[in-house]
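Chains D and F, in that order, are what the protein sequence lines are.
Going left to right, the first sequence walks through residues 1 to 226 as the UniProt record's numbering numbers them.
Going left to right, the second sequence walks through residues 1 to 197 as the UniProt record's numbering numbers them.
Since the hints were made in silico from the structure, they are not lab data.
Incorrect hints may appear among the rest.
So the derived list for chain F, only partly shown, Cβ under 8 Å to chain D, looks like this [said to hold, decoys possible]: (1) Ala54; (2) Ala98; (3) Val111; (4) Thr112; (5) Ala139; (6) Leu140; (7) Arg143; (8) Pro146; (9) Leu147; (10) Ala189; (11) Leu190; (12) Ala191.
If you anchor each label on the Cβ, the simulated ranges turn out as follows [claimed, not checked]: (13) D/Ala195 with F/Leu19: 32 to 42 Å; (14) F/Trp128 with D/Phe13: 36 to 46 Å; (15) F/Leu137 with D/Glu110: 44 to 54 Å.
C-beta atoms are modelled at their ideal positions from N, C-alpha and C, and glycine is treated no differently.
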Amino acid sequence: MSTIDFDGVSHAFGERMVLRDIRLSLTEQRIGIVGANGSGKSTLVRLINGLIRPDTGTVSVGGLDVARNAKAVRRQVGFIFTNPDNQIVMPTVAEDVAFTLRRRGLTPLEITTRTQAALERFGLDQHADHPAHRLSGGQKQLLALAAVLVAEPEIVVADEPTTLLDARNARRITELLLGLSQQVIVVTHQLDLLAAFDRVIVMEDGRVVADNAPDAALGAYRELLA
Amino acid sequence: MIGLYHPGHSLIHRAPMLLKLSLLSLAVLLVGLLGELGQLGACLLAVIALFLLARVPLGAAWKQIGPILWILVIAVPLQALFAGWTTAGLMAGRLLIAVALAALFTLTTTVTAVLEGFQKLLRPFRRWVDADRVGLLLALTLRCIPLVAEIVSEVIEARRARGTQGSLLALAVPVVVRSLYAADAIGEALAARGLDD
Ligand SMILES: Nc1ncnc2c1ncn2[C@@H]1O[C@H](COP(=O)(O)OP(=O)(O)OP(=O)(O)O)[C@@H](O)[C@H]1O
Ligand SMILES: [Mg+2]
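Model the full structure from these sequences, guided by the hints.
Okay, here's the thing in structure tokens:
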């Protein structure tokens, strides 16, 4: 499992300090991140694939400094956003999945085969030629997952992937994420699903205030909210 | 195209995109030159035959062609009044054939095929234009149509829910702002998918 390292990372948007001297080494397979709105969770995970660059400190993935190797890192790290509408690029379902495989030196046949396999895996094969924007919210998030996983990344990062979904779809997506063979890092507000994680990090005002097994971390988070 | 593609295996589905596009342009040009109603009628029959060959469902075809019929219902009598029935008939026939052929193209061609076709077409010029980027831009533009349409309908709904009514500007501002946010998020997602180069 490749390691994600935060070494003294701080970040500010204008005057506002959003992350303060974060030091973390993420090696566990399933890592959950929780915290109040605005505590810096999205900023933290966006640093992992270089969507945001740290003001100070370094983030590295598998030994690669993200700031200097963003492109190589993004091939290893798949990212799922909250709103699947924003990550669908192509008009139809199959085309969107195939889109991830562009410029990877694959033959058209390989692209078709891998796309088809990914669609089947997420139960989207009957929708292959349907307009992606007409899928249901849950199906759209499944499509986003298929489009990320078709490239076989080593790490999957998801920033509140279930916030826009109903309870059943939220559970389904979370279970899919937790069942992946990859390392998964999930930002979530679904506290009831945290028990299945190996490690839970609690953020508060740009700092890590608890970092533990789910039970202990959740206890700390509840105290914080109280 | 734009999610209008209707999957199939007909000759028309399998024909190369650039061939279809050239034939489409040629046909539209030709129909513009035809001067007799009888000739246009024959063309119309040919177009119908093409639709049958492609096995496009009636409903899907109607969605594309229906709106133009409404326009013709109004435009034809008007033009007949000013220029006579023959001219009006010619105009209606040409328009109908052009729209139907364009619809047939979109119904039987995927966006990916269009992108690949253009990339092939632009390959000799790759020193000056990045065909892949042009293709991507085209795909994103198509993708934005339903997205913006959705934003517009949501903004209208939100206004209705709050019981407010106002000028077009009051509608345009939130639409533009939300579209910009969406564009920002899509840009981020593109980068995450390794396409910021
Ligand atoms: N692009 C930006 N420009 C300016 N400020 C930003 C930007 N992105 C985030 N912020 C600010 O940084 C702080 C932390 O934001 P972040 O999105 O990381 O929080 P979060 O923990 O993900 O919150 P939420 O639970 O609401 O998603 C917030 O105060 C937010 O307003
Ligand atoms: Mg967030």
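Report task. Against the earlier hints, flag every one the structure doesn't satisfy and list their numbers going up. Result -> 1, 2, 13 and 15
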